[in-house]
Amino acid sequence: MHYHGNPYITDGCHDINECKLPDLYPCSVDGVCGNRLEGYDCPCKEGMKGDGKTGHCVENFPLAAKVVVGLAACIVALVLMVMAHQLLTLKRFHEQNGGPVLKGVKNIKIYRRKEMKQITNNYSRVIGEGNFGKVYMGTLENKQQVAIKRSIKVDKNMKAEFTGEVIVQSEMRHKNIARLLGCCLELDVPMLVYEYVPRGSLYDALFGLRRVHIIPVDMRLQIAAGSAEGLTYMHSAGECTIRHGDVKSANILLDENFCPKVSDFGTSRLLAGGKPERTERVVGDMSYIDPIYMVQGIVTQKSDVYSFGVVLIELITRRPATYSNKRNYVASFVEAYLDKRARNLIDNDITSEVDIKLLEMVSGVAVECVKLNPEERLDMKQVEHRLLEIIGQGVQDGQRRNYQADLSPAPDDVALLKSW
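In my numbering, the protein residues as written are 1429 to 1848.
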């Protein structure tokens, strides 16, 4: 009953306010009681659902759901913050590595970090590794194979000069220089993208895992002359002269036809007007380094000539350059040459008298490259000219035959490394 009073008189019945009688007309504490004629309503409070009359009001969004949503919101916010931080970091690396300047360079492409992961298949194929870092095989969208150099550390001074050196490399177009195709700047240490040279380095062919069993003399001469031509181009390209700074057999790459390509310009320098440069940091491999640098800390293009002379000795003897305080690799060779014993050091695989005489002539060039006084050394143009003359002499003597390098597996490398 929702009325009280006397039904037998006019206006004798009055509506009962059920909300004031909770014991008779229950309404949940989570409900909102509302009186009306012939009854009452008890809807659940805002944000809840159910029937307040039966005491079953529950939240539309329970606590557990709130916790889950709250955690999800925090995670999303954290992810967005991390992404924003990463984008800012990439932008900072891009700018500090010269992105605004290099963006206008026509001959190279600036790759994004995510592009590099695709090009290298997530850095899955390592084709070179050393103290400097790693070199990865990669494939561009046009199916061109490339080599990506990823350094693990870099000198702060070199980092400051990175932009200028990349610009210089981008302008080098020569058949005997490994071509720089692009770079990725979105890292603390930039990655460089070079053309891929399939036969590895000259060091590999002479001594390493890709050791070629027999390398004919005419092929050695072509490798030497081509490398000299590439270095000559470097030394004379553009308004400013350039020195490589780390000439060694490991930095001379060989294509499928054994055409040499000078590579790895990580220590290359612009020398205004060809002036010498004094530096306190170690430049290059100790087995090839110019003694003048060790004493005076001065590097010049003649430093490259000295290092190339050591490479010539490796080509002649097929014995790897070694750095030792007990026995000097270069001095031993020079001494043998001056004592007319150079042929005793020539690779034992070379047996033809014509071939031996040609390598003796190359020995003379090598000795002139490694003179202690830089002013007495040949320059790279002279080295190139002398080597081409020797090749011409070989042609006159019938040396140029249809030689093919013996690519069959070589015997144990260690057994072939003859002592001086």
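What the hints contain is simulated information worked out from the structure, not anything from laboratory work.
Incorrect hints may have been included.
Claimed, not checked - No farther apart than 25 Å at their CA atoms in a straight line, the calculated lysine to aspartate or glutamate pairs in the DMTMM-like style are these:
{"hint": "1", "residue 1": "K1785", "residue 2": "E1817"}
{"hint": "2", "residue 1": "K1545", "residue 2": "D1451"}
{"hint": "3", "residue 1": "K1477", "residue 2": "D1451"}
{"hint": "4", "residue 1": "K1477", "residue 2": "D1439"}
{"hint": "5", "residue 1": "K1531", "residue 2": "E1557"}
{"hint": "6", "residue 1": "K1562", "residue 2": "D1646"}
{"hint": "7", "residue 1": "K1785", "residue 2": "D1646"}
{"hint": "8", "residue 1": "K1809", "residue 2": "E1599"}
{"hint": "9", "residue 1": "K1481", "residue 2": "E1446"}
{"hint": "10", "residue 1": "K1809", "residue 2": "E1788"}
{"hint": "11", "residue 1": "K1799", "residue 2": "E1788"}
Verification of the supplied hints:
no. : hint           : verdict
1   : K1785 to E1817 : holds (13 Å)
2   : K1545 to D1451 : violated (73 Å)
3   : K1477 to D1451 : holds (22 Å)
4   : K1477 to D1439 : violated (38 Å)
5   : K1531 to E1557 : violated (29 Å)
6   : K1562 to D1646 : violated (33 Å)
7   : K1785 to D1646 : holds (12 Å)
8   : K1809 to E1599 : holds (20 Å)
9   : K1481 to E1446 : holds (12 Å)
10  : K1809 to E1788 : holds (20 Å)
11  : K1799 to E1788 : holds (17 Å)
Of the numbered hints given earlier, the model fails hints 2, 4, 5, 6; all others are met.
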